[in-house]
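Engineer: Residues per chain are reported as follows:
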Amino acid sequence: MSEKITFEIISPDRTILKIETNEVIIPAFEGEIGILKDHVSLITFLRPGLIKIKDESEKIFFVEEGTVEFSNNNLLILTSTAKELSELDKNFKEKMIKEAESKVENKDYSDKDRYLLSHKISTLKSIN
Amino acid sequence: MPSLDDLKKRIKSVKSTQKITKAMKMVAAAKLRKAQENAEKGRPYSQRMQNIILNLTKSINDPENAPKLLVGTGSDKTCLCVLLTADRGLCGGFNSNISKLAKISFKNILNEGKNLKIITVGSKGLDQIRRDYGKYVIKKFSFKDKKQILFSEAELISNEIIKLFKKGEFDKCILFYNNFKNVITQIPRAQQIIPVENKFTGTKEQISSPYEYEPDEDEILEDLLPKNISTQIFKAFLENAASEQGSRMTAMDNATRNAGDLVDKLTINYNRSRQASITKELIEIISGAESL
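Chains C and Z, in that order, give the protein sequences.
Be aware that the first sequence starts at 73, since it is given in my numbering, and climbs by one per residue.
Be aware that the second sequence starts at -2, since it is given in my numbering, and climbs by one per residue.
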């Protein structure tokens, strides 16, 4: 019996990824979740972080936000910001870090926004 | 009977018009392919989004406290209509089909004694409704200088709509756009986006299994509903873009063909009158020679 789940990343303008895989780790709002076959049906949303697809070859995507639905062994992520790590160029990354850092300083943003921003910074910094 | 010279000029002018319409058709065809691709690629996102929201809606136990964006304000006094049209003309019935549908709805809304508010996107739609419904227009958007409409533009509009909704400016929001079916068929559609319509748009029958939510339903809905509005508007944009090009292509194809027919007709006329004048001249010469 197959131990795989179908995994899709869809952005407003295209389907970024559609594969069968063993395990996916997603940065859900309240912490990372690993999803395997027969996980309970789930709806949640993402914070900035890395989506890790564990298979023979590992793939990693950076996301800023998104909505996740898992049901009947179909994992669906709707996001407008998914980027494969290899496509993320350095200048762009540094620009995003700077932008986020200046926003964190700004007290106009709510605690929730700042929580998300701090995750964004730490994730971006962890990528090399 | 127009003179030979006049006919020549007409033929020339029709031919150059034909060249323009032909070029426009080619451009539209090239753009259409891209726009159609975009529209088709964009469909899954909006469909899935809608389905998630509908699944969520089913699991709400307490409709009283559900977010207003989902269930509405409870009344339907004021209706906000968002009219999505193109910024350019020469695309057959594209703009007027949307406007026609919208005008019927406007009339119904006003006849029922409700308040009407209009937001127009794209200048052509505004031009067509300005005379009758100009005073109801509260906001106009135009992305004339943008080559391609991106998600950020859709977000801009949806933010505006949500802001108005939070201020209690309207109770119901309807989107007017052309749904792209195929190159020659585009169907004007009115889609209600606030409150969310209660039917599946996807083709797949979804089994509503109980979901686990993280964080709770309310918070997810709070986050998802504004996103859904942007998504639906973006989808409408994509459908519209494809429809516009399709419609223009068909219109320009017809125009090119008509111009061709006209050229043929004029050429026959031209040849006839040329022949007539030659015959006339011949008769004159012959009868002149005979009288000598």
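Derived by calculation from the structure, the hints in this document are not laboratory data.
Where hints are given, some of them may not hold.
[Said to hold, decoys possible] Partner residues aside, some chain Z positions facing chain C, computed with beta carbon under 8 Å: (1) K38; (2) F148; (3) Y208; (4) E211; (5) T253; (6) A256; (7) Y267.
[Claimed, not checked] If you want the ones that stay clear, here's a sample from chain C, every Cβ over 12 Å from chain Z, calculated: (8) I82; (9) R86; (10) K90; (11) N94; (12) E102; (13) S129; (14) E137; (15) L148; (16) L157; (17) N163; (18) K170; (19) Y181; (20) K184.
No experiment lies behind these values; they were computed from the predicted model shown.
Beta carbons are placed, not taken as given, at the ideal position from N, Cα and C, and that holds for glycine.
Engineer: For every hint, state whether the structure bears it out.
Structural biologist: Evaluated hints:
1. Because the beta carbon of K38 of chain Z sits about 4 Å from the nearest beta carbon in chain C, less than 8 Å, this interface hint is met.
2. The beta carbon of F148 of chain Z comes within 5 Å of a beta carbon in chain C, closer than 8 Å, and the hint placing it at the interface holds.
3. Nearest Cβ of chain C to the Cβ of Y208 of chain Z: about 5 Å, under the 8 Å cut. The hint holds.
4. Contact between E211 of chain Z and chain C, as hinted, is supported at the beta carbon level, the nearest pair being about 4 Å apart and thus within 8 Å.
5. About 32 Å separates the beta-carbon of T253 of chain Z from the nearest beta-carbon of chain C, more than 8 Å, and the hint is not met.
6. Here the hint on A256 of chain Z is broken, as its CB sits about 37 Å from the closest CB of chain C, past 8 Å.
7. Hint status for Y267 of chain Z relative to chain C: violated, with the closest Cβ pair at about 52 Å, above 8 Å.
8. At the 12 Å boundary, the C-beta of I82 of chain C falls inside the reach of chain Z, the nearest C-beta of that chain being 5 Å off.
9. A cut-off of 12 Å between C-beta atoms contradicts the statement that R86 of chain C is not in contact with chain Z; the least separation is 4 Å.
10. The claim that K90 of chain C lies off the interface is violated: its Cβ sits roughly 10 Å from the closest Cβ of chain Z, which falls inside the 12 Å cut-off.
11. The beta carbon of N94 of chain C sits about 21 Å from the closest Cβ of chain Z, which is more than 12 Å, so the claim that it is off the interface holds.
12. At the 12 Å boundary, the C-beta of E102 of chain C falls inside the reach of chain Z, the nearest C-beta of that chain being 6 Å off.
13. S129 of chain C, annotated as away from the interface, keeps every beta carbon of chain Z farther than 12 Å; the closest lies near 25 Å.
14. Against chain Z, the non-interface label of E137 of chain C is violated: not every CB pair exceeds 12 Å, the least being about 9 Å.
15. At roughly 6 Å, the least C-beta separation between L148 of chain C and chain Z is not larger than 12 Å, which violates its mark as non-interface.
16. With a minimum CB-CB distance of about 22 Å to chain Z, L157 of chain C clears the 12 Å threshold, and the non-interface call stands.
17. For N163 of chain C, the non-interface assignment is confirmed: its Cβ lies about 21 Å from the closest Cβ of chain Z, beyond the 12 Å cut-off.
18. At roughly 20 Å from the closest C-beta of chain Z, the C-beta of K170 of chain C stays outside 12 Å, upholding its exclusion from the interface.
19. Every Cβ of chain Z is farther than 12 Å from the Cβ of Y181 of chain C; the closest lies at roughly 16 Å, confirming the non-interface assignment.
20. Chain Z draws K184 of chain C into its interface by the beta-carbon criterion, the shortest separation being 10 Å against a cut-off of 12 Å.
The earlier numbered hints that this structure contradicts are 5, 6, 7, 8, 9, 10, 12, 14, 15 and 20.
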